[in-house]
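Using the sequences plus the hints, can you model the full thing?
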Amino acid sequence: MAEALRPFIGLWVAVRGDDVLVAAPSPKEVVAWLAQHGQRAQSMFRVAGSEQAVTGAAPQ
Amino acid sequence: MRFTFRTLPAASGGVQTPRPIVDIALEGLEAAPIECLLDTGALRTRMSAEIAPLAGIELPGDLTEEFYVGGLKTLGKLARVNLIVTDGADEFSWDAPVWFCDPWPHPFGLAGLEGFLHHFLVTIHAYDGYLEIDPEPRLSEAQKPN
Chain A
1 MAEALRPFIG LWVAVRGDDV LVAAPSPKEV VAWLAQHGQR AQSMFRVAGS EQAVTGAAPQ
Chain B
61 MRFTFRTLPA ASGGVQTPRP IVDIALEGLE AAPIECLLDT GALRTRMSAE IAPLAGIELP
121 GDLTEEFYVG GLKTLGKLAR VNLIVTDGAD EFSWDAPVWF CDPWPHPFGL AGLEGFLHHF
181 LVTIHAYDGY LEIDPEPRLS EAQKPN
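Taken in order, these protein sequences are the chains called A and B. If you're matching positions, the first sequence starts at 1 in this note's numbering and goes up one per residue. If you're matching positions, the second sequence starts at 61 in this note's numbering and goes up one per residue.
Some hints here could point you the wrong way.
Unchecked claim - Across the chosen pairs, the derived CB separations fall in these ranges: (1) Ala24(A) to Glu87(B): 20 to 30 Å; (2) Tyr128(B) to Gly38(A): 39 to 49 Å; (3) Gly148(B) to Ala35(A): 17 to 27 Å; (4) Ser26(A) to Ile184(B): 11 to 21 Å; (5) Ala35(A) to Leu181(B): 33 to 43 Å; (6) Glu151(B) to Asp19(A): 15 to 25 Å; (7) Tyr187(B) to Ala24(A): 29 to 39 Å; (8) Glu90(B) to Ser26(A): 17 to 27 Å; (9) Glu29(A) to Arg198(B): 20 to 30 Å; (10) Arg6(A) to Thr64(B): 11 to 21 Å; (11) Ala35(A) to Thr77(B): 10 to 20 Å; (12) Glu192(B) to Asp18(A): 38 to 48 Å; (13) Pro7(A) to Arg198(B): 22 to 32 Å.
What the hints assert, rightly or not - Short derived list, chain B residues pointing at chain A, Cβ under 7 Å: (14) Asp83; (15) Ala91; (16) Ala92; (17) Pro93; (18) Ile94; (19) Glu95; (20) Ala109; (21) Glu110; (22) Leu114; (23) Ile117; (24) Phe168.
In case anyone wonders, no lab produced these hints; they're calculated from the structure. Using N, Cα and C, we set each Cβ at its ideal position, and we do this for glycine too.
Given below as structure tokens:
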């Protein structure tokens, strides 16, 4: 899955299983596409553009 | 419910170590559950503030907190929302406090003690790369119809 996401670094994506349903610059656009096409994703997230973005955690 | 650990691509071209992730949907945004990293050390459950309006959630701003995450100062606004988790076969929903944060540096949400861990029995099988969550029995009983 990680390899499939590499072309979408920096974008928000909606995925179902190993399939990327849609990728867009904002979650609003992703959600609009899902609604327009009657699709339901398994998960929505932004594909990290830096390793720092995925390695930190909340302080509390 | 069982969730296989998930990897994320790294900017360096490598692949991050698979980590415990659960997809949590907000009521009103069931078509796009938010990928959330299980954060056993976090008190709060937090997501990007960009998500809230997509689920029709208003952030009144009367309960806010400033904090640092990933070295970035951010502002969190509290809302009580209904959250939903499913593995495709079973589904569980619960009312939870979620802090919607702006700016939000992470590409995922963080599922912490309040809002998530309080509501489940969580078993992390890190060596085998999966986690199991079961609704806290007392909450599960409360959801059953009379």
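Original post:
Measuring from beta carbon to beta carbon, are Ala35(A) and Thr77(B) in 10 to 20 Å?
Top reply: Given a distance of about 34 Å, which is not inside 10 to 20 Å, the answer is violated.
Subject >> Range hint 39 to 49 Å (beta carbons of Tyr128(B) and Gly38(A)) holds or violated >> reply: Given a distance of about 41 Å, which is inside 39 to 49 Å, the answer is holds.
Original post:
Does the Cβ distance between Arg6(A) and Thr64(B) fall inside 11 to 21 Å?
Top reply: 20 Å, holds
**OP:** Go ahead and decide if the range 29 to 39 Å is satisfied by the Cβ distance of Tyr187(B) to Ala24(A).
**Re:** Once the Cβ atoms are compared, 37 Å apart, the range 29 to 39 Å for Ala24(A) and Tyr187(B) holds.
Original post:
Is the shortest C-beta separation between Ile94(B) and chain A less than 7 Å?
Top reply: 6 Å, holds
Subject >> Cut-off 7 Å, beta-carbon criterion: hint that Ala91(B) touches chain A >> reply: Constraint on Ala91(B) satisfied, holds at 5 Å.
Original post:
At a threshold of 7 Å, is the proposed contact between Glu95(B) and chain A supported by beta-carbon distances?
Top reply: 4 Å, holds
**OP:** Mind checking the CB of Leu114(B) against every CB in chain A and telling me if the closest is under 7 Å?
**Re:** 5 Å, holds
Subject >> Satisfaction of the Ala92(B) interface hint, Cβ to chain A closer than 7 Å >> reply: 4 Å, holds
Subject >> Hinted contact Ala109(B) with chain A - closest CB pair below 7 Å >> reply: It is violated, given that the least Cβ distance between Ala109(B) and chain A is near 11 Å, above 7 Å.
Subject >> Evaluation of the interface hint that places Pro93(B) against chain A, nearest CB under 7 Å >> reply: 6 Å, holds
**OP:** Using Cβ atoms only, decide whether Glu110(B) comes closer than 7 Å to chain A, and label the hint accordingly.
**Re:** 5 Å, holds
Violated hints for the displayed structure, listed by number in ascending order: 4, 9, 11, 12, 13, 20 and 23.
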